[in-house]
Amino acid sequence: NAGVTQTPKFRVLKTGQSMTLLCAQDMNHEYMYWYRQDPGMGLRLIHYSVGEGTTAKGEVPDGYNVSRLKKQNFLLGLESAAPSQTSVYFCASNIRADTRFYGYTFGSGTRLTVV
Amino acid sequence: AQKVTQAQTEISVVEKEDVTLDCVYETRDTTYYLFWYKQPPSGELVFLIRRNSFDEQNEISGRYSWNFQKSTSSFNFTITASQVVDSAVYFCALITNSNSGYALNFGKGTSLLVTP
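Respectively, the protein sequence lines represent chains D and X.
By the working numbering, the letter at position 27 of the first sequence is numbered 27, and the numbering carries on one by one without gaps.
By the working numbering, the letter at position 100 of the second sequence is numbered 100, and the numbering carries on one by one without gaps.
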């Protein structure tokens, strides 16, 4: 099925551990995004990518790194997890839009708990 | 800068009541798009509607309707005859040409609880 797939769906980390969240899309979308969702805060943009090999910082990038080595994959890394990174993470993709903003597709989310 | 404000944090209604969720946006761009998403308790984000800045027509889809008013920078969402299944968090979002990477800019959401 076409769409955005996030793995894993759930994870518990200890403070200081590292991990990588994988986002994969099979729609040939140029643009990909990582958001985090915290209670009462809505979804906030962490990093985004406008194409293979490119990444850029969003609103809340500290403590995260990303890579887009292949067009279909967008990886979010936590080098040293902190309890403040406990959140639900959403990946999304978007077609190359220019002045049109169609086709946002969201993954089902990854619930991360850092203890 | 772009900003989306959803002033209502939580709303509780009894089934069959009508309810309106408010969304106020800020942007200096003349071309922009507004969205509404629903996040049920299961957690996924469900797309409800997209509206561009050049189309101020109100939209109705079953029990859902949207009122877009550029004069007040508002894009409000009304659920008529609410049902328990409408219980969810609802997000309003904005995108303009100025948004980094065309990323959606979300409001903080309104949590709607519909009780029997």
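The hints are simulated quantities; they were obtained by calculation from the structure and are not laboratory data.
Treat each hint with caution, since some may be false.
Cut-off 25 Å, straight-line C-alpha distance, at most; resulting in silico cross-link-like pairs (BS3-like, lysine-lysine) [to be verified]: (1) X:LYS38 with X:LYS70; (2) D:LYS9 with X:LYS38; (3) X:LYS70 with D:LYS57.
Hint check:
{"no.": "1", "hint": "X:LYS38 with X:LYS70", "result": "23 Å, holds"}
{"no.": "2", "hint": "D:LYS9 with X:LYS38", "result": "20 Å, holds"}
{"no.": "3", "hint": "X:LYS70 with D:LYS57", "result": "31 Å, violated"}
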